[in-house]
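Read top to bottom, the protein sequences are chains D and E. All residue numbers for the first sequence refer to the UniProt record's numbering, where the first residue is 1 and numbers rise by one. All residue numbers for the second sequence refer to the UniProt record's numbering, where the first residue is 1 and numbers rise by one.
Honestly, the hints are just simulated from the structure, not real lab data. It is possible that part of the hints are untrue.
Put simply, identical chains are the same to the list, so a pair is met inside one copy or across any two.
Straight-line alpha carbon distances no greater than 30 Å define the calculated DSSO-like cross-link-like pairs of lysine-lysine that follow [as the list claims (entries may be wrong)]:
| id | residue 1 | residue 2 |
| --- | --- | --- |
| 1 | 254 | 238 |
| 2 | 234 | 381 |
| 3 | 385 | 238 |
| 4 | 323 | 234 |
| 5 | 265 | 234 |
| 6 | 387 | 200 |
| 7 | 234 | 254 |
| 8 | 15 | 385 |
| 9 | 234 | 387 |
| 10 | 30 | 413 |
| 11 | 387 | 30 |
| 12 | 387 | 15 |
| 13 | 30 | 362 |
| 14 | 254 | 82 |
| 15 | 381 | 356 |
| 16 | 200 | 294 |
| 17 | 346 | 362 |
| 18 | 82 | 387 |
| 19 | 265 | 346 |
There are 2 protein chains.
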Amino acid sequence: MATAPSTLPLFRNPKPMHNITDPNISEARKELIGIVGRGGIDDIPANLQSRSRTEWSPSPGSTCAALIVFPRSTQDVSMIMKVCHRRRIPVTGFAGGTSLDGALASTRGGICIDFSRMNRILQVHARDMDVVVQPAVGWEDLNARLAEMDLFFPPDPGPGAQIGGMIGTGCSGTNAYRYGTMKDWVISTTVVLADGTIVKTRNRPRKSTAGYDLTRLIVGSSGTLGLVTEAVLKVTSKPENEQVAVIAFPSSSKAVSTVIDVVQKGIPLAAIELLDDNTMRAVNESGYSSKEWKETPTLFVKFSGTTSAVQEQVDVLQTLAEKHGRESFESSSEPEQIAALWAARKTALWSLIAQKRDPDDKFLGSDTAVPISRLAEIIDKANAKIKAAGLLGSTLGHVGDGNFHTSILYGEKDRVIAENIIADIRRMGIEMEGTVTGEHGVGLALRDMLELELGESAVDMMRRIKFALDPLCLLNCDKIVRVEPNDGQ
Amino acid sequence: MATAPSTLPLFRNPKPMHNITDPNISEARKELIGIVGRGGIDDIPANLQSRSRTEWSPSPGSTCAALIVFPRSTQDVSMIMKVCHRRRIPVTGFAGGTSLDGALASTRGGICIDFSRMNRILQVHARDMDVVVQPAVGWEDLNARLAEMDLFFPPDPGPGAQIGGMIGTGCSGTNAYRYGTMKDWVISTTVVLADGTIVKTRNRPRKSTAGYDLTRLIVGSSGTLGLVTEAVLKVTSKPENEQVAVIAFPSSSKAVSTVIDVVQKGIPLAAIELLDDNTMRAVNESGYSSKEWKETPTLFVKFSGTTSAVQEQVDVLQTLAEKHGRESFESSSEPEQIAALWAARKTALWSLIAQKRDPDDKFLGSDTAVPISRLAEIIDKANAKIKAAGLLGSTLGHVGDGNFHTSILYGEKDRVIAENIIADIRRMGIEMEGTVTGEHGVGLALRDMLELELGESAVDMMRRIKFALDPLCLLNCDKIVRVEPNDGQ
C-alpha cells in the first residue's frame with residue numbers, strides 16, 4: 001500500500017480495543033455519578049435491553065450496554081465522553097428509539113447515553129424562522145409548539161422520533177417531496193466528539209460557505225462521529241388551505257407516470273404517496289379506515305397554499321391523472337373528509353401488521369430509492385417476487401422522491417425466502433443507480449450493501465473519516481462501516 | 001495532549017513536505033506527458049500566472065504553478081494525482097476561474113490541473129430531472145441546453161463560473177432564496193482523492209441516507225479534499241410567467257422589514273434582492289441603465305409560476321411594501337420591461353466599478369450573512385462606517401437569505417482603512433451569530449476569520465478531516481484551514 005493513503009480499507013484500521021471489564025465499568029460508574037448524580041445512572045436489565053433493540057430494530061447479538069447515563073447538558077456529555085475516552089468504553093446514543101436497521105444496537109456493550117433529560121426547546125426565533133433545540137425534543141411536540149406561532153417544521157418520520165435520532169438518521173417522511181429531508185432543515189449542530197471536544201458546526205445564518213460542511217457530515221452519521229447535544233433548525237410557515245386527493249389507477253406504472261409528470265412540471269404538492277393494491281387490500285381488511293377502498297394502486301396527494309394555488313394544482317393533477325387512465329379521483333378540503341381520506345395512508349403500516357397470520361410472524365422491509373424513471377418497474381418486479389413466493393407483502397412509497405418500502409410478513413419457516421426477496425429488491429435498486437436506503441439509514445443491517453452500492457473506495461473513504469474523528473471507535477461502533485471483517489453482527 | 005484525539009490543532013499537523021524542485025517537476029512532466037500527451041501540458045508564464053490570480057482574487061505571494069495539465073477524463077486525473085502523490089507535488093484545480101478570496105492561488109507552486117477539456121454534458125435524464133456533467137461545464141451553457149427541454153439549473157453565481165468551481169465553492173446567487181444553494185443541487189460527485197483513488201460519493205436517486213454524506217463534504221471544500229471530475233446535478237422545470245417588481249423604500253430597514261414578512265409568509269418568490277441608496281446612485285451615474293432611478297434603498301423582486309400564483313404574490317408583496325412605507329412600486333410582466341427593470345440589479349457591480357476615481361483604485365468586498373432579524377442593523381452600520389471614513393462604497397444583498405455584499409472602492413492610501421472597515425463588518429456579522437462567508441467560500445483570505453466565527457475546535461475538526469484524506473497536504477494546500485502558522489499568505 002502507498003504511504004499516506006486517502007482511504008482506510010477494512011483490515012488496515014486499528015482493531016477496536018475497548019475495555020468493558022467489570023472493574024473498568026465500575027470505576028467509570030463512580031466518575032459518571034460525579035457528573036450526573038446517582039439519579040442520572042440506570043442499570044436495570046430491562047431498561048438496558050430496551051435501549052439496544054426494539055421490535056422494529058432487532059439486534060442480532062445479545063449484547064447491550066452495561067449502564068445508561070442521563071446527561072442534562074452539552075457539558076455533561078463532554079465530561080461523560082472524556083471518562084469513556086480515557087477508559088476506552090464504547091458509547092451509543094439514544095433518543096426516541098424509533099430507528100430501524102439496528103442503528104441503536106449497543107453491539108460493543110459499554111455505555112448508553114440517553115438524552116431524555118435534554119428535551120427542551122431552548123429558543124424560538126420567529127423573525128429568523130429558526131429554533132434551537134435539545135436532542136430529545138420530538139418532532140410532533142416541536143410542531144405543536146410552533147403551530148401556536150403559525151410555524152412548521154416539515155420532517156415527519158415515524159411517530160415518537162426525536163431530533164437527535166432524526167439528525168443521526170438523516171430521516172424524512174411524506175413531506176420530503178415538497179420540503180426536502182432532515183439535512184435541509186438543520187442549520188447547525190453542537191456535537192461532542194469521541195474525546196469530549198465540543199464543536200459547534202456552524203453559526204445561525206440560513207446560508208453559509210464557512211469551511212467544510214460539518215453540519216451535513218453529522219446529519220446521517222448515526223452518532224458514529226459525534227453526539228448531537230443541540231441543534232439549530234430551520235422552520236417555515238405553517239401550510240394553509242390543505243386539501244387531499246385520492247386517485248385510483250389500474251396499475252402502478254400508470255400511477256408513477258402521473259407522478260413523473262407532476263415532478264417534471266415542478267408542481268409543489270405537499271405530499272404524494274403511492275399505496276399499491278396489496279396495501280389497499282390490507283387497509284380494507286384491517287378496518288382501520290371507515291371507508292371501503294378500490295383495491296388498486298392508489299395515489300394519496302396533499303396540497304397546500306393559497307386557495308387559488310391549491311385549486312390550480314388540483315386541476316392540473318386531475319388532467320394528468322386522466323391522461324394516464326385513472327380509475328377514480330376524489331378530493332376534499334373539509335378537515336373531516338381530509339382526515340378520513342388520509343387515514344388509509346396513515347394507518348397503512350398498522351393495516352399490514354394486522355394481516356399477521358400468526359402473532360410470531362415477523363416483518364421485513366426495504367427502503368430503496370431509485371431514479372424515478374425506474375420506479376414503476378422496480379415496484380412491479382418487487383411485488384411479482386412476493387407473489388411468486390406465495391408470501392404476504394405490499395409496497396408503499398414516497399413516490400415523488402423515487403423512494404418506496406416493500407414489506408413482507410413471514411413466519412419463521414419462510415425467513416430465508418423473505419430475506420432473499422428483500423435483498424433482491426435492494427440489489428435491483430442498486431442496478432438501477434439507486435440506493436438501498438432512501439431515509440432509514442445504513443445502521444447495522446445494510447453495511448455490506450453499502451459497499452455494493454457505492455463501491456469499496458467510497459466506503460474506505462467513510463472509514464477513513466470515522467477513524468480520523470474517532471480513532472478508538474468508541475461512538476456507535478460497527479454502524480455504517482464495518483471495522484472488523486467478522487464482528488458477529 | 002490526550003492520545004487518540006478527535007481534532008487536529010495547528011502545530012500538531014505534519015508540516016507539508018512538498019518537492020517542487022526543478023528535477024522533480026521535470027521528471028513529473030515526462031510522466032504527465034505520458035498521460036495527457038505533449039499538447040496536454042502548458043508552462044507559458046502568463047498562463048501559469050493567470051491561473052493563480054485574478055483581479056477579483058489576488059494572491060498575496062508571487063508563487064504560481066510550474067505546469068498546467070489538461071486531463072480529458074477521470075482516469076487521467078487519477079493517474080496525474082498518482083504521479084503527484086508519489087512525487088509529493090502540490091496540486092490546485094482550475095475551472096472557470098471566477099472565485100474570490102484566493103481559492104485558486106497556487107500558494108505552493110507545483111501543478112495546476114485545468115479542467116477545460118472536461119467540458120461535456122454527458123447525460124441528460126429528462127424523466128429523472130438530473131444531468132451528468134464534467135467539471136468545466138458552465139452554468140450558463142448548461143441552462144442554454146436545458147432550456148430546449150424546458151428544464152432549469154438554478155444556482156447562478158458570477159458569469160463564467162463552471163460546475164467544478166461551483167461545487168468547490170458551494171456557491172449560490174440570486175436564485176438561492178427560492179431554490180437553495182449549490183449543495184441542494186448536487187446529487188453526487190465523482191472525485192479523485194490526493195492519492196489518486198476514485199470515489200463516487202453517491203448513486204443517482206434524489207433521496208438517500210447511504211452512509212456519511214460525502215457529496216456534501218465535497219461541496220464547499222474548495223478542491224482541498226478531492227478533485228471533482230464528474231457530477232450528477234438535479235434540475236427542475238423552467239420558471240414560467242416571470243414578472244419583476246422594483247420597490248423603493250425610504251430606508252434599508254423598511255425594505256428589510258418587508259423582506260422578513262415575505263420570508264415569514266413563505267412566499268416562494270423567485271428572487272429578492274436589495275440595492276442600497278449608494279448602489280442606486282452608482283447605477284444612475286454609470287449610465288448602464290437607461291432608466292433614472294430613485295436613489296433610495298430598493299428591492300428588486302422576481303416572481304414566477306402560474307399566472308394566478310404570480311398575480312397573488314404581486315398583490316401580497318404590494319400590501320406588505322405599502323405597510324412598510326414604500327415610496328414606489330413598479331412591476332411588469334413584459335419581457336422587455338423586465339429586462340429594463342432587472343438591468344439595474346444585473347449591472348450593479350459594473351456600475352460600482354465605473355465609479356473608480358483612479359484606474360488603480362482597488363475593490364474590496366464582504367460576503368457576510370446574518371440571521372435576517374439583524375440584517376437592516378448591520379447594513380446600516382456598514383454604510384455608516386464607510387460614510388464616516390469618507391470612502392466610496394455600497395451594499396447590495398440577497399436579502400431573503402440574510403446575505404449581503406458591502407463593497408469599497410479605494411486608492412492605495414486608504415487601503416488600511418478600507419481593510420479595517422471590511423474586517424469590522426465581518427466581525428459584526430460574527431457577533432450577530434452570522435458568517436463571514438455566505439456564498440464565496442473561505443479560500444485563503446478568510447481562514448483566520450473562520451476560527452473567530454466557529455471556534456478553534458470546529459476548525460481543528462476540519463483540519464483533522466483534511467489531513468485524514470490528504471496527509472501530504474497536496475490538494476489546494478493552505479485553503480480553508482491553515483496548515484502552518486506563518487505561511488506568508
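These are the hints, each one checked on the structure:
1. With identical chains, the CA atoms of residue 254 and residue 238 are at most 30 Å apart between copies only, with a shortest distance of 25 Å across copies and 32 Å within one.
2. Proximity of residue 234 to residue 381 under the C-alpha cut-off of 30 Å is restricted to the inter-copy arrangement: shortest distance 27 Å between copies versus 39 Å within a copy.
3. In this homomeric assembly, residue 385 and residue 238 never come within 30 Å of each other (Cα to Cα): the closest approach is 42 Å inside a single copy and 39 Å across copies.
4. For a Cα distance limit of 30 Å, the shortest separation of residue 323 from residue 234 across copies, 26 Å, qualifies, whereas the shortest one inside one copy, 38 Å, does not.
5. Taking the shortest Cα distances, residue 265 and residue 234 sit within 30 Å of each other both inside one copy (26 Å) and across copies (14 Å).
6. Taking the closest pair of Cα atoms, residue 387 and residue 200 never come within 30 Å of each other, the shortest separation being 51 Å inside a single copy and 35 Å across copies.
7. In the homo-oligomer, the alpha carbons of residue 234 and residue 254 lie at most 30 Å apart only across protomers (24 Å), although the nearest pairing inside one protomer, at 36 Å, exceeds that limit.
8. Taking the shortest Cα distances, residue 15 and residue 385 never come within 30 Å of each other, neither inside one copy (40 Å) nor across copies (58 Å).
9. Taking the closest pair of Cα atoms, residue 234 and residue 387 never come within 30 Å of each other, the shortest separation being 44 Å inside a single copy and 35 Å across copies.
10. Taking the closest pair of Cα atoms, residue 30 and residue 413 never come within 30 Å of each other, the shortest separation being 48 Å inside a single copy and 65 Å across copies.
11. For the identical chains of this complex, residue 387 and residue 30 are neighbours neither inside a copy (57 Å) nor across copies (62 Å), given an alpha-carbon limit of 30 Å.
12. Proximity of residue 387 to residue 15 under the C-alpha cut-off of 30 Å is found in neither arrangement, the shortest distances being 44 Å within a copy and 62 Å between copies.
13. Taking CA atoms no more than 30 Å apart as the test, residue 30 paired with residue 362 passes in neither setting, with 41 Å inside one copy and 63 Å between copies.
14. Within a single copy, residue 254 and residue 82 get their C-alpha atoms no closer than 57 Å, and across copies no closer than 50 Å, so neither meets the 30 Å cut-off.
15. In this assembly of identical chains, residue 381 and residue 356 lie within 30 Å of each other by CA distance solely inside one copy; the values are 23 Å within and 67 Å between copies.
16. Taking the shortest Cα distances, residue 200 and residue 294 never come within 30 Å of each other, neither inside one copy (52 Å) nor across copies (43 Å).
17. For the identical chains of this complex, residue 346 and residue 362 are intra-copy neighbours only, at 21 Å inside a copy versus 61 Å across copies, given an alpha-carbon limit of 30 Å.
18. Taking the shortest Cα distances, residue 82 and residue 387 never come within 30 Å of each other, neither inside one copy (53 Å) nor across copies (51 Å).
19. Taking the shortest alpha-carbon separations for residue 265 and residue 346, both the intra-copy value of 27 Å and the inter-copy value of 28 Å come in at or below 30 Å.
The structure does not agree with the numbered hints 3, 6, 8, 9, 10, 11, 12, 13, 14, 16, 18 stated previously, though it agrees with the rest.
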